[in-house]
Amino acid sequence: MTGGRCWLIKSEAEVYSIDDLARDASTAWTGVRNYEARNHMRDEMSDGDLVLYYHSNASPPGVAGLARVRGAPYPDPTQFDPSDPYFDPRASTVDPRWWLVDIEFVEMFPRLVTLQELRAEPRLRDMVLLNRMRLSVQPVTNEELAVVKHLAGVGA
DNA sequence: GCCAACGTTGGC
DNA sequence: GCCAACGTTGGC
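Residue numbers are given in our numbering: position 29 of the first sequence equals residue 971, and the series is strictly consecutive.
Just so you know, these hints were derived from the structure itself, not from any lab. Quick reminder that beta carbons are idealized off the backbone N, C-alpha and C, glycines included. Be a bit skeptical, because a hint or two may be false.
Claimed, not checked - Label pairs and their in silico Cβ distance ranges:
id: 1; residue 1: F1029; residue 2: R1065; range: 35 to 43 angstroms
id: 2; residue 1: E1063; residue 2: A970; range: 31 to 39 angstroms
id: 3; residue 1: Y1016; residue 2: P1081; range: 17 to 25 angstroms
id: 4; residue 1: E978; residue 2: R1067; range: 17 to 25 angstroms
id: 5; residue 1: M1075; residue 2: V1048; range: 24 to 32 angstroms
id: 6; residue 1: E986; residue 2: A1088; range: 14 to 22 angstroms
id: 7; residue 1: V1048; residue 2: V957; range: 18 to 26 angstroms
My request is simple: use the sequences and hints to build the entire structure.
Set out below in structure tokens:
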């Protein structure tokens, strides 16, 4: 059975798109350096939680498909690697600062659900995506997930 | 490429 | 602990 909560994660399509995730089957969601996003991953995500996969900085931006949290949160290894762009000298293995989860590919939507469509849908008016900028890991309600899937033409 | 929004840093 | 400067996100 799947976990209880739903999420949305943003990825720049040119950096790591849902096609990349489909190819890799799953990936460690490294490089998140925002405390609120980290807290969601570290404290609230559970194995099996469904995740909307959003392409930011794309033309047009929108939700491209569905993914899933796999396993439990663990420290982001890139924070400990001095040669990595996400290296954080303030972090230590005994006191990790940044946490992540593994994200597993579920499905590509038959069509992109654009930001414009999301904005136009009254049932999505409270979606975090539409009310908060710059949060790359954010909660989504079960109803919002269902509405987005419906817009994508995916059966519930 | 522009630039508004806004999270983070660091001086005080 | 305030807040100005700075850097980044992300739509357009």
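Could you see if the CB distance from M1075 to V1048 stays within 24 to 32 angstroms? holds (26 angstroms)
Could you say whether the range 35 to 43 angstroms given as a hint is met by the Cβ separation of F1029 and R1065? Given a distance of about 42 angstroms, which is inside 35 to 43 angstroms, the answer is holds.
Quick check on a hinted range of 17 to 25 angstroms for Y1016 and P1081, using CB atoms only. holds (20 angstroms)
Look at the Cβ atoms of E986 and A1088 and judge whether their distance stays inside 14 to 22 angstroms. holds (20 angstroms)
Does 31 to 39 angstroms hold as the CB distance between E1063 and A970, or does it fail? At 32 angstroms between Cβs, range holds.
E978 and R1067, beta-carbon distance inside 17 to 25 angstroms? For R1067 against E978, whose Cβ atoms are near 21 angstroms apart, the range 17 to 25 angstroms holds.
Outcome of range test on Cβ distance (V1048, V957; 18 to 26 angstroms): For V957 against V1048, whose Cβ atoms are near 20 angstroms apart, the range 18 to 26 angstroms holds.
The earlier numbered hints are all upheld by this structure, with none contradicted.
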